[in-house]
Structure formats: structure tokens, C-alpha cells
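Chemist: In order, the protein sequence lines correspond to chains X and E. 1326 is the number of the first residue of the first sequence in this note's numbering; add one for each residue after it. 390 is the number of the first residue of the second sequence in this note's numbering; add one for each residue after it.
A couple of the hints might just be wrong.
What the hints assert, rightly or not - Chain E is faced by these chain X residues, among others (derived, beta-carbon under 10 Å):
no. : residue
1   : Ala-1382
2   : Cys-1480
3   : Thr-1481
4   : Glu-1486
5   : Val-1494
6   : Asn-1520
7   : Leu-1526
Stated by the list, open to error - Pulled from the structure, derived: some chain X residues nowhere near chain E, Cβ distances all over 10 Å:
no. : residue
8   : Ile-1403
9   : Tyr-1415
10  : Arg-1423
11  : Pro-1433
12  : Ala-1451
13  : Gln-1460
14  : Pro-1461
15  : Asp-1466
16  : Ala-1468
17  : Gly-1482
18  : Arg-1502
19  : Asp-1503
20  : Tyr-1504
21  : Asp-1511
22  : Gly-1522
Since the hints were made in silico from the structure, they are not lab data. For glycine and all other residues, C-beta sits at the position ideal for the given N, C-alpha and C.
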Amino acid sequence: MHECHVTIAKAGPVAAPLLFSLTGMKSMVGNWMGMISRGIILGALLSAAPALAQGVAEKVKVCAGCHGQDGKPIDKAIPIIWGQQAGYIYIQLRDFKRGDRKNEIMQPIVASFEKNDMLAIAEYFAQKPWPNLGQPRSAKDVAQRALSAEHSVGCTGCHLEQFQGDGTVPRLAGQSRDYLAKTIADFRTRARGNNPGMTDLMRATPPDDLAALAEYLAGL
Amino acid sequence: MNRYSIACAAFVSLGFTLAASNAQEIANPDQWSPAREAKISPVTQDELNAADKSTTNFLLTNGNYAQTRFYPAKQINRDNVKNLHVAWIFQTQVKESLETSPIVVDGVMYVTTSFSHVYAIDAKTGQQLWHYAHKMGPVTTYCCGPNNRGVQVLGDKVYLATLDSKLVALNAKTGEVVWTTDIADPEQGYSETMAPTVVKDKVLIGTNGGEYGIRGFLRAYDAKTGKLVWNFDTIPENSVGVWATKDATGRDMHRDIQAEKDQLAKIGDPYKRLGGGVWQNPAVDLAANRIYFVVGNPSPDLDGSLRPGDNLYTDSLVSLDLDTGKMACHFQYIAHDVWDLDAVSPPVLVNVQDKSGKTIPGVIHAGKTGHIYVHNRKDCSLIRFSEAMVPQENMWTLPTKEGARMLPGANGGVEWSPIATDPGQALAYAINLHQPMTYRVDSSPYPNGKLWLGGAFTAIPTEKQSGNITAVNYNSGKIKWQVKTPEPMIGGILATAGGLVFAGEGNGKFAAYNSSNGKELWNFHAGAGVNAPPSSYTVGGKQYVVVGAGGNTQVNFRRGDSIVAFTLD
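Chain E with its partners taken away, still in its complex shape (with noise of 0.2 Å):
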């Protein structure tokens, strides 16, 4: 249900007390820094369709609507990236997860922090221009950090997705509230904390909710007035698919398809609570007027004996048309999921070979399974899928009382850390996790919005955990080369036309990488995990690196609340 409403009553911190709502904020942190005007031209929509080929602004989340993370200007490259260094650094006051991909307009950035709050920076200089302190609800369900990925301008609005399942629209200029929608209800274990895409005055978002047994869903809202405009459940009421018994890669996954069945004609479908949550950004196909995103896990996570049947439409890739909502064509990855391995970095819009060589258009996603898929964008085929990145052992071994040993662990491979590719190359970039895991299964009943495992996933304490860069050609499967980090990989990466790919580690290193052979050529250190995606600008004639640095609550990274851009001399 979406209750609509309009609420005009600005909260915006016009430089006047702020009340805390949570211990990782500071009260009142805009007592010294009063609201500027934040001078942009509004964003149209033939500057967003053509973000792929602007050197100055960042305005999408992912780059551009194909979401390939490539940045085209070349400013900062190969041969000078080792003199970058820090331009300036913002604090947000805002200390816990941030996994914020900043959009800049004009020289205006908007960055995002955990618990929805919304900031407009002066992208030359650092200084605050306001400050969007969203007022959240009692009520928040969320099983892996109170983040926010960002936000996202049309004309004068600044789209904004809150952690109480709120839609936002502010003024861009002054961050007032233009208008709110509820989203869903929280106490069902609904949240948001991708950023919307907007395209052609549509407001696109998802929902998190996948441990909570929510029905997920992808819709449009209306961007001039927050009204609906389209739902699709990912959860059909016909839920079951055909049995598959192997996974997209071909091996089995040790289905009882009879004992399936046996309970499917005992309780019915279960697509109301089949989970399904979409909470990364959807990639627009301008030409077919499509949108491609992927599905998460099915509820409850690891008991699959409550759900019978593949699970449609979890675990996929799915195409819509982006007029109507109407299904075009999906691709399921991992039929009736038991190990919380699902589809969660977002899909990238690339052209790739097909397998006779002919260059069609495709689409991309790297998995938590750590292989890259490519699909045909047609129908959505599987073309072929990668090398693995991360080791795999025991798949698919089904989880039991005692707890199974697997590899990959529950976050991956690769988790939602959006992918970077460079065309010209036909390389995919892609950050994973190496964290062996146990798979333990145990059944409960629905609990009414609560957290819903039905098992748990847990790291063995005894086994070393690590992470790697990873360059796939996407048009051979195989792996170009490949960096090995200390920990875990988790936040994003940024590819350039300076042949650079930029990421940053938990251990709070941020990095710049020959895109070709993955040699690294530039670092520093943050002082906190740099477990976001990277974007890039240029303002004044000079390009900008910048990223947030603020750890990761789901790995546990240490925290921080800086915002840090670098530039040449």
C-alpha cells in the first residue's frame, strides 16, 4: 500500500539545532556552518542521457545509466596520478557506514551518510553548503548498516530514499523538502538505502527487506509529485518456475524437487513473504526504453522448506519496460537459494560478444558466486559467465543443524559493491569478499516483520579472511589479472579514460590501479575504511577524484565521516 502525501514542512538545518536521533550523530552539527544557496542549472534530462561523455559532472550513481562506472576525462592518469593528493576533506559528523557514491552538478556535490542525511558541498572547496537532516521515524528495520548510497538530480530536485522507507524530494538548491511519499511500511521490515535513479520523470527504487519477509518490488514514482506510477512485485503469484536443479554455471544444487512439491501442495505458493528485495540502482537502456536490474535473496534466508519452488523471481536479473512497469524478460541465477548467495551489484549496459563473436549489446552482473555473468540484452540469456574470483569449494553443499562449511561465504564473491568496466578494453572491474563460512539452517515461522534466517551464515574464526581486485574480460570469461588485499573488499571501484581504476579498502587505503595490468601506482590512507564507490569531476579545469571514507557496518570497518577529494597541482 502507498499512502501519498505532500509535506511541505522543510526540515532542513538552516544552521539551527538539530536534535540527535542516534549516538553516531552529533547534535546540532550546523551551529557554525549556515545554509548556503547551492547554484546549480537545473539537471535536464538530455544532460543525464548523455552522463557517459561528461568530463565535468557525476551524475549518477554509477556514472551513467548504462552504469559502467567510466569516467571519460584524463586529466589525472597513468603518468601523473602519483602526484595526487588531498584537495579537501568534508565531515560529516555523521560516524557509521558510508557507502555514499557522490553526484556533482555544476561544482555542487551531494553526498548521503548513514541515517538518510543529505549534504550539498561546495566540490572545489569542500565547504557545506546545507545540511538535509532527515527527521526518521520510530521505526526502522534494517539488517546491515543504517546506510545510504546517495542520491540522484532531476531538474531542481534532489531524490533521496530515507532508512524509514520515505521517498524525498528536496530542492536542490536550498535541500527543503519538496514533497514526501511513504514508501512501505518499516514495521513489515521494509527500508531504503539505495539511491533512486530517475529518468524521464520517473522516480525508480527498490526496497531492502529480504531478511524480513517482505514481497519485494520495483516501482516508479512520479518525480514532479511523488505519486505512483507503476509497481512490479519481484515476487509473482506463481512463484514456483520449473524445478531447476542446476545453477547458471551448471552444477547442481541438491534439490529434493518431491519434497518440494509435496509441501508446495500443502501450504501453496509463498510469494507473499518470498523476500526479494531490490536495493541496488536499476540500468536504463535508452534505446529499447528497458531497465535492467537484479533481485536479492529469497525469505527466509537459508530454509528453503518453507518455500517451495525456484522462488521467481529472486536470485535474477529482470527487464522491464520502463513506460509500464511490464516484465520483458529475467534470468534467474541461483533457483530457490539456501546460502544468501543472490544478486546484488548492479547490472552494467555494455556491448559484448555474443558466442559466434558478433558484438551485441549486453548486460553484465557480477555475483556474490564471485563469477560475472553476461547476458544477451535482449532475452536476458545467459551468454557466458567468467573465472571464478574468489575460491569456491563444496558447492552447492546444503546447509545443516551443524553447520556446513562453504565457500564463498554469505557476502561473496562479489557483494553490492557496484562493478567498473572500461569498453575499450572489454575489461569488468570488480572488488570481492574471501570470507570462509558456515551455513547452518533452522526453521521458525514467519515472525511477523522480524528478522527471518531461517538459519545462520557465520564466519569460522580459525580461517583467514582476505579480498582482490579482480579485471575480467567480459567477452573471454577470463580473468586479466587480479590484486590480492589484506581484507575483504566492499564499497565499489572507478574506472577512467587516465587508464586508472580507483578503490579503496577496509583497512582504509584508497588506491589507483593501471587498468591494463592492475600495477598499483598510487595510495593513501584515509584513517577510516574507504568501503564506497569512487566518483570523479572536474571544476575550475581541474579533474577530481573523490570518496567516502567512513568503513562498513556489514564487515565491520573501522568508521569515519570523511568525505575526501583529490586533485593535481
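Extracted from the complex, chain X is given alone in its bound form (with noise of 0.2 Å):
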């Protein structure tokens, strides 16, 4: 009875929405203007992975720039996409053109991209192995929290019981504390739009078990 929903984009021209991405990225957050500085976005255009079908290759290289070259983001509030679900990754990017939900940054990126296109994507992604971002499992006092607050509201009824996600549901179990954190946030506020039923569950959850929830699953 419950469940909820995330996803990416997909690309069509690839380097004008990334070039597009990068020029107007200055007055975005301070993670963002180090990382340009950096220039690892360019470092990640140059070095696609050759083994796959011109046009996905061609699209999948301006996500390595913040969805890290090795699967791991380039910052903590950034999305583990690596062995993601790939139905998940789908309906985020379809979700980021629709403009269900809001992003600067991935909306110009999927402007252009079709279906196909995204379902490529996503598909591209969801076979690359999930990365370890090592984050340190939880102490039992944040786990049993958590797991209460697991089977007040029931998280694996989708999540499934290992956290693996499914088709369009997403996996969480190794996903980057930060922006777990995050999107619970943004569930709760509604600046993520794009899934009022985790709105719901997320409300109807305490702040600070939540809290313990993200810190959890961050470290399986």
C-alpha cells in the first residue's frame, strides 16, 4: 500500500545542454563553482566509455562530471546512478523534462532527450556496479530507530527488504547519506515534487527518526 518513485534524464545532443549546464552553473551552489574550477566536468567529457553505442556514449558523458567518472559523485548531495534501477533513473529523467521535478542543472540536460533515449540511459547506468562510498554503518541505537520508523511506515513494502529497490523504485541501501537526507527534506517540503506519496510517508515519519533512517541506509 505504499511506495514511491524517483528518476534521471536521458540525452539528445548532449554537449549543448552540458555546455549550456556549465555557463549557467555560476550562480548555483558553492559545490558546483568548485568542481568547475576543477574542471572534472571536462575530464569526464573526454573520457566516455567506448564500449557503448555511439549515441548513449555520446549522452552518458556529462554525467560522469558530477555523477563521478567511477559511479561515486563528485559531491554528497549528488545521486549514486551506478547500478541504480534503471526503471528509477527513467522516470527521474522523464520527470526532470516534464518538470515534475525541478533541478537547474538535469533539466537543460534532458531538455532534449526522447524516451528511447532515457530508457537507453538508464539502462546504461543500471548495468554499471553500485559503488562503495564507504560510509560507516550505523550504531545499533540509530539502527533500531530506523527500523522502527521502517515498519511504522513500511519502506520495504517497496524498497524491498534488502533496500535493493526495484524497476521504478530505487535502491538505497549504500546511497550517499547527504543526499538522502536531502530528499527526505525535500519530500517533506514538497521542493521534490515529483512523488507526493513519499511526501506522505515522510510526514507522517518523526524528523529525528528519519534522521537515523538516512544515517541506516546510508551505511548498508
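The task is to assemble the complex, starting from two chains supplied on their own in separate frames and drawing on the hints.
Modeler: Take a look at the structure:
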């Protein structure tokens, strides 16, 4: 009776939206500024995955700039997408394009993507190995608090027993703690507006329990 | 929209590598299990019609078209059930929620698992014959586990409905795909977990999606070709109804009818996104050529402000003509439901006493409310409802912003778990959950196929949960006996002519009870939640009882992957 979804986006001519996003990013969060100054995105662009079909390979180049060349995002508030569920990635890309999910960086990137592009990109990243961010296992009291919240809301009804997700439901186990915490907060405020069901469930859970949940999930 | 296609590209794991699509699935599970032919004779319609009398096969999800789950063999009985022991264990290697009803044809068993796998197994030895691994599409949308509840066989085909909302016909002997039909778009919230019911060359199938703003349906597809024969929308274009203020038991539901009427004038009939899934099997009245099924909750679950009116035919018993799909009658249990206490457990056709004591064809349904409802089969009218099988408190308190406590919790009562009946004793056997919850409302607009609850129902961590098995006399509505269990119960139950009922628990216990008084006569611990409906069959002169032990996603019982068969020496 409960559930949730998320997603990413896909690519048309990636170079153009990427440049757009680079130039347009100056006013964005400090983390992004630092990233740009270090030339990480450019580096990512130059080292694409050669085995991929040309179209998709071109389109995913841009992603590594933020989500990491090795699957480890360059900022803790950016999600892991390597090894994420393909259906989830696809739906997020679709929602960025529709404007159902807001993000100043992602929306321009996905603007030109068609459905098949998004599905291909989703599948590409789903096949990648999930990276280990080396986040510590949560302390026992934190885990107990998290599991109490889980039992109350029923997270595993959708994210499944090991929090690996399936289909359009994302894997949570081992996801970046800061990203999880931010996403939970954004669901609560509806800043993340593309899954009101998740908003409902997060609002029905005490904030302290949610903090424990983010820490617990990150450490799995 | 139905896109229809015939896909002969068989994807049967004939011993070659299978790419795992989910962490709960094992890559290459069939490396040492080369496919073998399942040697069955084609299943005829006559055999299906007489399934209630078969002491060898188990042909339909709930035993027979009337869905009595009463198995007529009695080799295993009250006197000897203490000697029941494991005959074999089959491990599917799909370690997720297991809700399958094993189907047995000529000594071949067909079971399914989460993520829509099908296995054909030798019912005598437990050895694998073949395995169908459905190539799941990337988009699946479901709320309560990647479940599958089984298949049905007609002729030489096995029929399966999949999580990505496809209907698949397999060759019963080899597991090769004969045809595939797209049922609905999973991106819009549609999915399939139920077993199809196949009758008179029609494959009857509903849909999940009541938590996603779908428009529900029950459909008949041609069993030979997969072409759509008829479609019944569970939500009519005029879904308003009669502005009922009381539920089926006469309790006030505290609706603000004027506010709803004002809203209706403002937004119009909400039928297009009103939910109304059908995800349990219809019963078939062969003599009257009618089917009976229940329709689930309205979307969004807890927020009634966006859906003025009775929300027909959600939370209802519905009967259709089998040939045309035209409605014959309906009965709504809860109009304008804002608690998700909908109608889920499959209805059962039995003869019942009407209010004057006359025996008539009846249909009974066990509700999430904890009542068993007894209807006249002719017009769906309610004859009586049983004593409550679970605690009820504060009904019908409306959900609030802060969360309002009310019992039962949103899972019931009786969830999807099929009931069993023993017509000789006029008893219905139901398994129940007791989960104290708060109901919280929080309005949000339709989210394009995403989870749409309109609030949340949450278990209260400080309150103890439990379950029970309850036997109800459906001619009196009185509880005959009740066995309490330490955890909520979900999965199903089987009654037999041996004077027994069999049911499992989330802690792994699987037990046999005296069907007349509830006395426990035997039990076995399976190591994972026994949350599936048991079946029975006879092969080689020996009766077996079989059940899945794979736990449950929705209530989060310990997962496993076992099909366990029991017999006597």
C-alpha cells in the first residue's frame, strides 16, 4: 500500500545542454562552483565509455561530471546512479524533462532527450556496478530507531527487504547519506514534488527517525 | 488501450544463463537443471468444471471455480495428520515475497515467485522440470511487493500475468512462450500480481494500481490468441452513486455530503483516476454463467476531497455476465472509502441460508473490516454480516492532518488472503491481521502514475500486533472458533475433507487444525514466513499438502524461497 519512485534523465545532443549547464551554473551552489573550477566535468567529457553504442555513449559523457567517472559522485548531495534501478532512472529523467522534478542542472540536460534515449541511458547506468562510498554502518541505537520507522511506514513494501529497490523504486542501500537526508527533507517540503506518496510517508514520520533512517540506509 | 502482439520468441531457461534483473534473483539458477518436458494431458474445460471433485489435481488458484478452497481428499485427516512430514523442498532461488497457490496437473506442479517466474516441478519428487524467467521491462510500478500468485492451465497452455502488466501464455510442457499481450501501461501505475482465471476459452484478468490513480478493469482475453474479448471498467463514467452515509453494517461514515456535492459541481466526476483495482480471482458460477469479484480502493487512498461521490464500484462486490462482461449486480461495502479498508479477499460461491432460513445460492466475502459478508448471489444483496473477527475501535473516524487512530488498520482484518469454506459445516475460515494504525490525510494532486495515497496509514510502534484464524458460521454470522497467533496473518488457508484446515504464519510456522474446533493437531517450522495459500493433491496414491515459504513484503516477514510438500508414510 505504499510506494515511491524517482529518476534521472537522458540525452539528445549532450554537448549543447552540458555547455549550457556549465555556463549557467555560476550562480548555483558553492559545491558546483568548486567542481567547475577543478575542471572535473571537462575531464569527464573527455573520457567516455567506448564500448557503448555511439549515441548513448555521447549522451552519458556529461553525467560523469557530477555523478562521478567511477560512479562515486563528486559531491555528497549528488546521488549515486551507477547500479541504480533502470526504471527509476528513466522515470526521474522523464520527470526532469516534464518539469515534475525540479533541478536547474538536470532539467536543461534532459530537455532534448526522447523516451528511447532516456531508457537507454537508464539501462546503461543500471548495468554499472554500484560503488562503495565507504560510509560507516550506523550505530545500534540509530539502526533500531531507523527500523522502528521502517516498520511503521513500511519502506520495504516498495524498496524491498534489502533496500535494493526494483523497477521504478530506487535502491537506497549504500546511497549517499547527505543525498538521502536532503531528499527526505525535500519530500517533506514538497521541494521534491514528483512523488507525493513519498511526501505523505515522510511527513508521517518524525524527523529524528528520518535522520536515523538516512544514516542507517547509507551504511548498508 | 490494448496493444496486442504475438511474441513467439520463447525465453525459457533451457539450462542456459539467465541474467538476474534484481538483487533478489540469482543469476544462472538453472545451470544444473536442464529443462525437461512436463508430461501432462491437456486440461479440458470439463476437468476444470469438476475441479471441486478432483482428489488428484489442484487446478485453480482457489481450488475450483466457486473458490471454496475445500479439498475433497481425506487420506490426510484428523487421526493421522500428526504423522505428516516433509516429502520434498524445492528452492526457487528467488528470495522474495512468495504468494503462489501451487497448481497441480497430472503430477506436475506449477508455481510462481516474485518477479513473475514460473517453475514446473515434479509433484512427487520436487525436481525441477522447466523454469520460465520473464524478461521484465524496465518500468514496473507496484505498491506492495513484486508478488505473483500463480497460474492456471487450460488445454496445453499455462497462463501468467506479469509485474510489467503483460499476459503470457506458455506451453505447459516446455515453458516456451506461445503469445504475449500487453494489458496496460506500467508507467501509468498498472501491474499484475494475480493469477488469471481461465474459463470457456477466456482468460479473466484484473489489474493492480489503486494506489496510483489508475482506472481499474476486469477483462476477458481469448485463451487461444490473447485478443481482447471484453473489458469492464470497474469505475463507471458516473461514479457518484446514491450518496450513502452508512457502510454495509449500518455505521455512519461521517461524510460531509454537501461539501462533496459542492466539489462535484466544481471538478466533475473523478472517474478517470479513481482506482478500483481487481487483483484477486473472480469466482465463476457455471450454471448462471456469471462471475463474481471484488473491486479495491479508490485513489487517492485517504483523501476523499478529490473524489466526491460514492466512488462506484470501489470497495464493492461486482457480478458480470461471463460472455459479455455486462454488469449483473453490485454491492458496495464502503462508499467513499478514506481508510483503504477495501474489498480484496476473493469471493466464494456457496449455498447459504437467507434471512428466512431458506437455502439459496450465495456469495461470501471476507472484508478488511473483519466481517464476513454473506450475499444473495442473484442480486448481490447483503443477507448478513458476521461478528467482527478483529478488534474494531473508533469506526469510522475520519483521517486527520495529525493522524487519527482507528481499528482495524489498513491491511485488515482480512487482506488479500483467500478464505476457505467447509460447506458441510457451513463454516468459512479466514486469517486476520490486527495492526493498530493511525490514518493521516494530506492532499496532493494526481501525480501522473506515481504513488498517490493522499496521506499515510502508519502502524503505531507502541501497540502490539497480532493475528488470528477464525471460523465463522456463514448461516448465522457467529464465530465458531478462533485461534490467536502472535503475528498478523496474511497468505491464505485450505480446508480439506479430512476435517482439517491448514494455514501458515509469518514466523515460519505451518499448522493443521481441527476444522470443527480449531485444535492444533500438527505443525512444522519452515524457516521463512509461510504467507501463501496451501494446496493439496494426490500422486502415486499419496495425498500431499504443499505451501510456499518465502515470507511477505507487505508485512515484512522473513523471506525465503521454498516450496514445501508434505505427505504421510
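Chemist: Could you tell me which of the hints above the structure violates, numbers in ascending order?
Modeler: The structure conflicts with hints 1, 9, 10, 12, 17 and 22, although it agrees with all the remaining ones.
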